[in-house]
Amino acid sequence: MARLHGKTGQILIDTTPASPVTPVALADTNAFTLDMSTDKVDVTCFGDTNKQKVVGLPDFTGTLSGFWNSVSSPTFFAVVLAQATCWLRLLPSSNQPTYMFEGLAYVDGSINCSATGAVSFSGKFDAAGNWVMRP
Amino acid sequence: MSHDSSDIDAAIVAKLGADATLLSYCPNGVYWDEAPQGMTKFVIVSLVDEFDESVFGSRAFEDGLYQIEARMLSTSGGNIKAAAARIDVLLDDKPLTIGSPPVQVAGYTHMLMQRESRIRLTEVDEVDPSIRWFRRGGNYRVVMDVNP
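As given, the protein sequences belong to chains A and B, one line each in that order.
Residues in the first sequence are numbered consecutively from 1, following our numbering.
Residues in the second sequence are numbered consecutively from 1001, following our numbering.
Rather than coming from a laboratory, the hints here were simulated on the basis of the structure.
Hints are all accurate, no fakes.
Only some residues are given here: those of chain A computed to face chain B with a beta carbon under 8 Å:
| # | residue |
| --- | --- |
| 1 | 7 |
| 2 | 8 |
| 3 | 9 |
| 4 | 10 |
| 5 | 28 |
| 6 | 29 |
| 7 | 30 |
| 8 | 66 |
| 9 | 67 |
| 10 | 94 |
| 11 | 118 |
We put the beta carbon where it would ideally sit given N, CA and C, even for glycine.
Just chain A, same shape as in the assembly (with noise of 0.2 Å):
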């Protein structure tokens, strides 16, 4: 498979979550970052010639970031200010649908406008169930 450029990614949400999830594209979003790192406990030893690590469970937290939009972006926000959960799906190319992480996340949200640009907000999430790679 061909590498890939950004341009397609997508984000879908689904504000009310439940079984079966109904995400659908967040309009006029520009980027998203997934972070997966584990957290590696220090288990060095006496006699050891090198420091050693375990490693922990992998955090799933991320940014996300775009321009306003007064149809789409209250949908985000309702979420951020109700403290709610919603179902995340991010897909780095939507040109390839199935390829996704996903899973129930906890947002943060700010918007930033300035006289001299367009109004952009952003958000950060953390995970609040398991998340998956797909497929």
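With chain A's structure known, arrange chain B on it following the hints.
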């Protein structure tokens, strides 16, 4: 919906060219990049810089910087001060709409049109160094949201 970036350029020219007051100062008209030979009082619109902002799956908006200025031959007796002021009245912090009643440029929704900097120059004519061209106007940023 389809959209054509050149329609934004044309809308600026059309908006200026439709104003009777501006045309009273610049009776030769409003032109893109260059005026026909022999003209002495006119307005020139040029695209200085442009970038497209993207969102996932599409273009979000187009951000263009236009140089828009009245140009007058020094011997033409024109009022370039009034012409530049009229350009600013028509463009600064105004919606980029065309026609009457005003309509949006097809395929776009207006986001911003405002002056970013002034232009005021005196230029020596390349053909005849004894005459001068007065140039006055500004650089105007025009940002248009691309309709989905």
